[in-house]
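Each chain is listed here by its residues.
Protein chains: 6
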Amino acid sequence: MTVGETSFAHQPFEGIATFGHQPFKSEPGGADVTILGVPFDGTVSGRSGTRLGPRSIREQSMCLWGYNNALQVAPFKDLKVVDAGDVRVVPPDVVATHRNCELAAASVLESGSRLITLGGEHSISLPLLRAHAAKYGPLSVVQFDAHPDTWDQEYVGHRFSHGTPFRRALEEELIDPDGFVQLGIRGPTGSAQDYADARDCVTRMLTTDEIIDTGVPAVIEEIQNRLAGRPVYVTLDIDAADPAFAPGTGTPEVGGLTSRELLQLVRGLAGLQLVGFDLVEVSPPYDPSGITALLAANLAFEFLSLLAVQST
Amino acid sequence: MTVGETSFAHQPFEGIATFGHQPFKSEPGGADVTILGVPFDGTVSGRSGTRLGPRSIREQSMCLWGYNNALQVAPFKDLKVVDAGDVRVVPPDVVATHRNCELAAASVLESGSRLITLGGEHSISLPLLRAHAAKYGPLSVVQFDAHPDTWDQEYVGHRFSHGTPFRRALEEELIDPDGFVQLGIRGPTGSAQDYADARDCVTRMLTTDEIIDTGVPAVIEEIQNRLAGRPVYVTLDIDAADPAFAPGTGTPEVGGLTSRELLQLVRGLAGLQLVGFDLVEVSPPYDPSGITALLAANLAFEFLSLLAVQST
Amino acid sequence: MTVGETSFAHQPFEGIATFGHQPFKSEPGGADVTILGVPFDGTVSGRSGTRLGPRSIREQSMCLWGYNNALQVAPFKDLKVVDAGDVRVVPPDVVATHRNCELAAASVLESGSRLITLGGEHSISLPLLRAHAAKYGPLSVVQFDAHPDTWDQEYVGHRFSHGTPFRRALEEELIDPDGFVQLGIRGPTGSAQDYADARDCVTRMLTTDEIIDTGVPAVIEEIQNRLAGRPVYVTLDIDAADPAFAPGTGTPEVGGLTSRELLQLVRGLAGLQLVGFDLVEVSPPYDPSGITALLAANLAFEFLSLLAVQST
Amino acid sequence: MTVGETSFAHQPFEGIATFGHQPFKSEPGGADVTILGVPFDGTVSGRSGTRLGPRSIREQSMCLWGYNNALQVAPFKDLKVVDAGDVRVVPPDVVATHRNCELAAASVLESGSRLITLGGEHSISLPLLRAHAAKYGPLSVVQFDAHPDTWDQEYVGHRFSHGTPFRRALEEELIDPDGFVQLGIRGPTGSAQDYADARDCVTRMLTTDEIIDTGVPAVIEEIQNRLAGRPVYVTLDIDAADPAFAPGTGTPEVGGLTSRELLQLVRGLAGLQLVGFDLVEVSPPYDPSGITALLAANLAFEFLSLLAVQST
Amino acid sequence: MTVGETSFAHQPFEGIATFGHQPFKSEPGGADVTILGVPFDGTVSGRSGTRLGPRSIREQSMCLWGYNNALQVAPFKDLKVVDAGDVRVVPPDVVATHRNCELAAASVLESGSRLITLGGEHSISLPLLRAHAAKYGPLSVVQFDAHPDTWDQEYVGHRFSHGTPFRRALEEELIDPDGFVQLGIRGPTGSAQDYADARDCVTRMLTTDEIIDTGVPAVIEEIQNRLAGRPVYVTLDIDAADPAFAPGTGTPEVGGLTSRELLQLVRGLAGLQLVGFDLVEVSPPYDPSGITALLAANLAFEFLSLLAVQST
Amino acid sequence: MTVGETSFAHQPFEGIATFGHQPFKSEPGGADVTILGVPFDGTVSGRSGTRLGPRSIREQSMCLWGYNNALQVAPFKDLKVVDAGDVRVVPPDVVATHRNCELAAASVLESGSRLITLGGEHSISLPLLRAHAAKYGPLSVVQFDAHPDTWDQEYVGHRFSHGTPFRRALEEELIDPDGFVQLGIRGPTGSAQDYADARDCVTRMLTTDEIIDTGVPAVIEEIQNRLAGRPVYVTLDIDAADPAFAPGTGTPEVGGLTSRELLQLVRGLAGLQLVGFDLVEVSPPYDPSGITALLAANLAFEFLSLLAVQST
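Protein chains in written order, with my numbering: chain P, 1 to 312; chain S, 1 to 312; chain B, 1 to 312; chain Z, 1 to 312; chain L, 1 to 312; chain H, 1 to 312.
Read the hints as simulated data drawn from the structure, not as lab findings.
Watch out, some of these pointers could steer you wrong.
For identical chains, the list gives no copy identity; a pair is met inside one copy or between any two copies.
[Unchecked claim] Quick list of in silico lysine-lysine cross-link-like pairs, DSS-like style, CA-CA up to 30 angstroms:
hint	residue 1	residue 2
1	Lys77	Lys25
2	Lys135	Lys25
3	Lys25	Lys80
4	Lys135	Lys80
5	Lys135	Lys77
Predicted, not measured: the structure shown is a model, and the values here were computed from it.
Just chain P, with the same shape it has in the complex (with noise of 0.2 angstroms):
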């Protein structure tokens, strides 16, 4: 209601949840960046929960107050972001599903806009991934995520899950062989032999051991060397970090990155060109005071921020 407006910002538990109280706009066009939920968890292995992941992070993005200290950008100010909405999903079609996603993305992306996608599991970077590459060719990939995800059709029973979307997209070319990097990866697999097909089809995996040890700036300065001047699209998986700092998640791994670590990693992407973006994996029903929501609602703000810094 404009009526009883007064001057002061939105508060954070006013108004009908869009990302950052942004404008709802269920048609393309008109904006610069416009922020996708798709909210399915048809193909999860551990618990499910994911479907209501968008929504959980649209309340958590209402706390943002707009301006990225770190980065020195106001996006919602320096860019027109829209909120579309979600795509339609067919719980029981994983097929369906993406080929509503891949639309939904390709649609956005025709009308000019960059797009954050907010899920949802992490099947659907694959027709996210089909949708960028279908208007910039193969993409350099930066991967955040406790799991390869690289795995072949066995995992879960289906070839296509939230273990494979990786494997499935080199397979259909949409990722650059030379400019897939991962980070975080850590924890148990089902043989050796996961790490050893992951390091092969990826260009550079980091476990989550290798980052520490090599420091979060050397990190960030081999990122850049690598992948300058490429198309970079980038995919997160929340449970790159710790469970004690995202517990709303299906498939948790101890022994991740920090809050603090990730927000750094992903703010050393500045400068690089980047074409979209994904958050995945957010599980309401196991994020009791929302701080795994809270955490991907700001990741998500670092994303625009970064179009932000790019833009200007």
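Given the structure of chain P, go ahead and fit chains S, B, Z, L and H onto it with the hints provided.
Chains S, B, Z, L and H alone, transformed into the frame defined by chain P:
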């Protein structure tokens, strides 16, 4: 996104959380019924948290499939319903918040729309009654509540609080003293004087025990007889329901109504000349499974259905 | 460990969580009754989480002391009961999951054992009905549920979902159209057509209000009269209970049955020729105190008790 | 702080959490009624956590406004009530804990005060009965409970446990065998012998179903007739209420009493010669919304009110 | 109860919940240190609930065994500590609440006791600074916080709110402008001006990143150098800690300090002339495991320990 | 069920919850490593609930995919691992419980299997040390813990409690006094004497601060040097981790180790002659997202991995 649209209805977990997936429209006009939130908890005496009530009720309202089988109406089809978002509130200033609330309500009513308001706490009934009485004259009131809310100034040390709205409204002659019915009162009070005072200023106060002893159908008949032909405003404090059915509220009282009893009583208002509604005191921090907000969403849907019955 | 054995019965907090502390036996054969879990939530339309239902029901079933004082049987003594663990599920593939479920059920039935299946979501009743109808012919069905689950294809965009199992089962002639009783239906639907369609294909649909108005004993008498002498399959969606009694479910509907009403209705089936049972839609993430799973465990114990009554 | 005092009553969220904001007084003497906590969960068979029961009940008791509208007394005014804090407990030593409990109770009774004890678990009724019987002779007992708690030694492998207090009390001749009434018994037991044994040693055992079938008023009349003129001790296990109304307990049983039924039954004791009370088995870890402790606080307030009725 | 006393110390789960089991004493006088609660959340901009902070901190403080091994003092022995209970608050009237708070604080200080205040929200630092400045003159301030709280009037639409206390205190010349240090600032703000304004009125503002880059020992050294010999008031907003360590707060900011870093910084104040302390913004509804209140209780214990160090 | 088997590994949400999906085998014999639960919380001094620890750890252990990428072993393949279920416990009788625990452990060790025990609370280390010392002689011990647990009799008023196991074990000469290392000690104690006493009877006590100041690699080196060639028993109290990483425990202490630090310290034991392990004090009621049990499951997997390293 209309891209990726399929033929089935919206899922409860999909989309921007407006009430019942209805369009968000912040400017008054062009609607039969307007949903308005007042995210306020500035005067509560027990547990705080009702500021998040409107958001939580909207989220649970996504589960409302649309056709009311009990009343045999489809309010989202029979009526043009919009969600106007939230009134701006000033947490430390109940007077300013009430002013914003009254202005917003008045502008909706002026546009020719009926109003269903989602609280927030019960003090907001005062500005809502002001706006409705300005249009309809002194109002008959049906109040579902565990507490009379007719205390005088001393309660929580302030003239305006969630314990006093109906005392203030009577003083301001917003309520027709011959048409004020309270349903569901129970529990301890400060002294015997509380109920005596309430019975003094209320036309008919029915405790929960009296409702059960009388029987729901007889209670409905009495209300129908008493209020027929008068303009009726309905205010429902979710603590009318027992804490088993509505744990998520600030001042729960044991020994309350079941959700079936409450639904039957609300449906029993069909046929009265209903001019406005509010539903207050949902406190999400104490509602871990969302069942309180779900009950509230269903009761608001019954309000809508009563308007649909009325419009046919 | 048998070392350290003492003379008292197992405590609820002790031991590997099989149903009622009964032996785990993955291979069919040698049992009177087999408990089988189907940890699936691939097609749900509301909140996900039912994949964890079987584990949670088993955990709460540790509290079942063994003698049913209402029905005066001791099913764990009167019958040889085993827990066969869980059917393998493929989260993104409802057809493969149903096939596994049907094969598992068939092998149990072939071994001469009765089957009590713990869901998981309601779509699994379809393969369970296939397996039971293959042995017993078209089945009478008693369905406890807030929703008819007789929708056609469009619901959640897929032919097989938790909203359609009984439509599919009728099409496949697994259900005797003269012996299909629904109990506890309530709440809004998409249109008036939903109930009309349900009443078309169901022999007798009793809403919650109709059950209460008729009285539980009269309802039981009607069911007994209608289904006497027929092979009866019982399917119980926990959302038949009110959310106060069963908050932990995916599509809760307010205004439902109490746990006592539900227990009485289930016990009222004693004497019928009961051939199979399922209990579905328990969603642990929304069950913080475990009371939903506890109710489910008790209802499954009533199923066992009905079989014990039958066997004497 | 008396500085900053205003004229209105204490708010529920303010102040050191003693029972009903009453003065803390650790030394016996000078009170009409003494509230005593026994934070013990050393012998429970289900979920532990009752050691935090007294603190949680005190916290919720801050909501009790003071005047009992049903019984028309103001116990905090009519009686001098003090909160004596907690008995010292020794978690691994039930005998030492019981000794402390008995000594504390005896010293309160010797001072001329009545005693209302907040558990903790049900084993504490034994030392409380010892102290009361030492003063009043063998006692009539009204026990609200889902379980008879009259098991013999083998239950949880120890002579003293929360399943045996009344068996021990009968053996010690603390209970008048002609005046022992149980209300609310239900659920499975180890064998048919459990109820048979209970019925052997209890004068009148009413299951929940029997209470509902008989009707609350007739049950009250029977109790009044049976126990008139005898010294009566009241013990209330919160699991007498259904888990919907009291999820926060260690061994919940489905199919129980509603809070209104329980309140009516307790109020129905007015007029008996009531000499002591305990309220046990509130387990806060399973009570996320505090509704169990709130029900317990209200029931303890009813006990106080019964004493106020008696004193007038 | 002293009856049943045993030789070991009080258990955390036993007894009336005063701070650290210390005596409750509502009248000022005779204490070295007084603990005072201010259960207020009237002006918060995010999630409400801090009104229950003092109760929750007291409950967790029962776990404090008494000897500080890091600072090698036993404050409950070295100092006479009392818990004065809570200031009376008027939820809808921040001015009245502040007046009560200032009066209560002044009467404690006049009695010769030091004061440690438990919030409640951060607006209460203003009346506390008034009371302390009235005794000690303009104060140096060390503020641990994620937010500067030096906003001007517009924030939440009211002159007095939890976003403005230090702006108001500077205007009222309660703070020595050369001795105001902020630690832990981070996160987005409304614009670049927010930090600029804060840096204008604060002597030294250290963001979380600056603290980590500088190193905790160097930060401590700088504070010691800057504030040596001045009267220092310490105010700690629990949101200085990362949400992983302190989820139970109203406006959490990701990327914060760990509890170890925060403890080290607080201990690093030893040797300064510390005259008063507050600890604010603990919001129990978002603290399901109690770890935020536990951290707060430990930080308050460090405050006590600093006073014990000072007194030796 | 083997019917319906597919080619992929078990999902975390599927199947009877034994540790890591390993076979349940109640009789000793034929295993390299045996997992044993002790669901006991009879002597805890803070919050109870550890009796549900073994069940919760087993549930989270379903997420362990099998190959340890850090230590490069596949313990479920390299070793024959069985889950022996739980020791029978007698809640009110710590001595009987310890006897059962010692007998069960002894029978496992006699069968030639190594033992990993899941608590339950820390008092159980005493009977476990008895069983191991009976086979291996006096043991070196590595204890991860926030508390020394070397108190004498008075703690919680009983000779045997979770605060005294290592004092008792030293008295019984089960521990080699030259090989007893404690890691992670912190927080307040009753007096300065507590640490002094602990340091008297422990060979090397490292507080959390000392570990961080020394650096994890140097600490590992010291342990390796000190304990090389001796039989080492490892006991890990989950409260060694900070409450952010392990909220679900009974006596959490702020300022603890991160999960990565803890994992690195445990892995650093590789190469020692490790003869037994326990992991204690997981309290599920305070672990709403399951992250404490997940950390515990991973740490138990590291124990298994250390045995796999040893066996190669």
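Do the hints match the structure? See the list:
| no. | hint | verdict |
| --- | --- | --- |
| 1 | Lys77 - Lys25 | both (17 angstroms within a copy, 23 angstroms between copies) |
| 2 | Lys135 - Lys25 | within (22 angstroms within a copy, 35 angstroms between copies) |
| 3 | Lys25 - Lys80 | both (12 angstroms within a copy, 20 angstroms between copies) |
| 4 | Lys135 - Lys80 | within (21 angstroms within a copy, 41 angstroms between copies) |
| 5 | Lys135 - Lys77 | within (26 angstroms within a copy, 41 angstroms between copies) |
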